[in-house]
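Those protein sequences? They're chains V and D, same order as listed. Going by numbering that gives the first Met the number 0, the residue at position 28 of the first sequence is 27; the numbering climbs one at a time, nothing skipped. Going by numbering that gives the first Met the number 0, the residue at position 262 of the second sequence is 261; the numbering climbs one at a time, nothing skipped.
Derived from the structure by calculation, the hints contain no laboratory data. It is possible that part of the hints are untrue.
As the list claims (entries may be wrong) - Straight-line Cα separation of at most 25 Å, PhoX-like style, residue types lysine-lysine; simulated pairs: (1) K169/D / K179/D; (2) K80/D / K52/D; (3) K202/V / K183/V; (4) K16/V / K109/D; (5) K169/D / K16/V; (6) K11/V / K10/D; (7) K204/D / K109/D; (8) K52/D / K11/D; (9) K114/D / K13/V; (10) K114/D / K179/D; (11) K18/D / K80/D; (12) K13/V / K10/D; (13) K18/D / K114/V; (14) K204/D / K14/V; (15) K114/V / K304/D; (16) K13/V / K109/D; (17) K10/D / K183/V; (18) K142/V / K114/D; (19) K109/D / K11/V; (20) K183/V / K179/D; (21) K151/D / K14/V; (22) K114/D / K16/V; (23) K14/V / K114/V; (24) K11/D / K114/V; (25) K204/D / K71/D; (26) K48/V / K74/V; (27) K74/V / K64/V; (28) K48/V / K151/D; (29) K13/V / K114/V; (30) K151/D / K169/D; (31) K169/D / K77/D.
To be verified - Covered stretches of chain D (chain V as the covering partner; in silico rule of three or more C-beta atoms under 8 Å from a C-beta of chain V): (32) 27-34; (33) 69-78; (34) 106-119.
We treat Cβ as the ideally placed atom computed from N, Cα and C, and that holds for glycine.
Each chain, letter by letter, is given below.
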Amino acid sequence: MANLDEKSSEVKTKKAKIVDGGVFTILLLGAVVMVFPLVYMVLSSFMTKNQILSADFSIIPDPWKFGKYAEVLQKPEFLRGLRNTLMVALPVLAVGGFTSSLAAFSFSKLRFRGKSSIFLGLLATMMIPFAVVMIPQYVMFTKMGWTNSLLPLIIPGLFGNVSIIFFLRQNLTSVPDSIVEAAKIDGCGYFRMYYGIFLPLMKGALMTQLILWFMGIWNDYLAPTIFIQDEQWFTLQVVIRSFNAYYAVNSDYPLIMAASVLAILPTLLLFFFFQRYIIESMAVSGIKG
Amino acid sequence: MSETKVKPVRKKMNRAEFKEHCWGLAFVSPPFIGFLIFMAFPIAFAFVASLTKWNGMNDMMANFVGAENYIKLLGDEKFWKVLLNTVIYMIGIPIGMILALVIAVGMNRKIRGIKVLRTLYYVPVVSSLVAVAILWMWVFNYDYGLLNSIIKALTGAHGPNWLGDEFWVKVSIIIFMVWKGLGGSIILYLSGLQSIPRDYYEAAKIDGASGFNLFRHITIPLVSPVTFYLLITGLIGGFQVFVEVLVMVPTGGLNYSAATVVFYLYDKAFGNNQMGYGSAMAFILAILIFIVTAINFKVQDKWVKTIE
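Excised from the complex, chain V in its bound form (with noise of 0.2 Å):
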């Protein structure tokens, strides 16, 4: 239906703009009911406890209360949580990216025994749940000793991510195999390939990749929650979990809201910066995953 009536080269009728007013008006609402409890929960974050428990219902604070975030920004529990994400995050990112990259490069570009076999048995176990693996995870985890540490989510990182190496390995097809000949002529190390030729040439996907290997390490509670013992190690999404509980029992619930909106916010603004080449990616791997 919607395609009916467009066509870029011409000029719109008058009858396909009042159908372009129409979709936009319903598109628009729908994403006002998507992004309205978003919104609702910054409100609510500037709200009293008194206003948000009150019969009353009402959107707008009144009247407007910042303290909220300072609160929460002076809990040790969340510093020390926001300290342990990043502890996370910069040494998987770091090495995690630099594995994923120079195994896509020899997946792409170079030849040896048993390449498709292996590549086929990475891809694999993206197909296996979690759930299998998590139980003799967590007893290797407590036998070595990592569960008072962040080593558990630290060290499985730093070999790599498969759906980044199968993304960057797609990315390397369209450059011709051509440019390995030409190096190897040059007398050119395989090393030196990857770090001089083909890193920079898939710098911009690796950087996309990286991207959204910062928000899932950010937004991910399942491992932290089941591999982190101690308490000293919790990462932020922990910490929030359990702010929830605690300040639930009090009815603090402008605390919660600025707790969860602060546990948001880094990812959203990285998306906004970063919107073209996420939703690209996005589509990309989508399609050809």
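Position chain D relative to chain V; hints supplied.
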């Protein structure tokens, strides 16, 4: 030489090829080693554990019970209940797909400002699952929640006890999951729509096809690869729903009415230390996912069309 026909002898590598082989292997070794340590070994381990009454501390092999856990599971009413709950949540998959397709068709028009809307629909996708689940817990709150306040303002009647009722808790979680995932499906449908050649519509229009017929006979078949992808990933993810339930209904709901398979598994393995039983459940889950995915791939030729 007749042997070579049956089993071709590997071509011997020369020095340069051997060098490339070694470097190639070395470069893929980190993810491969990671795969062995964190996937292959745990999978094998979980399988052995699923045949034992292991609690994480006792001697696993001394408590070997064979298929007992699996047999017990088949007779475990609670297991069937959580499996049914998990399947009920999957109602959200077609709902999400239909909404996403309709919205994507609307967004495929060249209207100024439409990209801003696309961004708004996508916001829940990038938001932290825990934070938005906490938010929705509040939205669904019986006494003061946003939803019941709106219902009261509009109708004067008190809304349902969303998270406290055996029926409404399922509705609540389906609403939540559709809301959280909608933006992602829209983006995928939109890119599917954009790959449909415009001539198809032009030709059909000349033949006098109506708007609905264009949608029914051109749009729907030609976005079927996206529908297929969404169905597969939706089902695989659907079998593993856990965190949203854990955050919104930490008890598993009235009479376990909100609990999913992974919720029950988590409860058994980490709440009751029944690691063997939990592992058996995880394996059944993996097998179910595998079967459903395989069936989908088998029947895809029947309805998934590609653009030639």
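Query raised in the report: Which numbered hints does this structure break?
Result: Hints 5, 6, 8, 11, 12, 15, 18, 20, 21, 23, 25, 29, 33 contradicted; others consistent.
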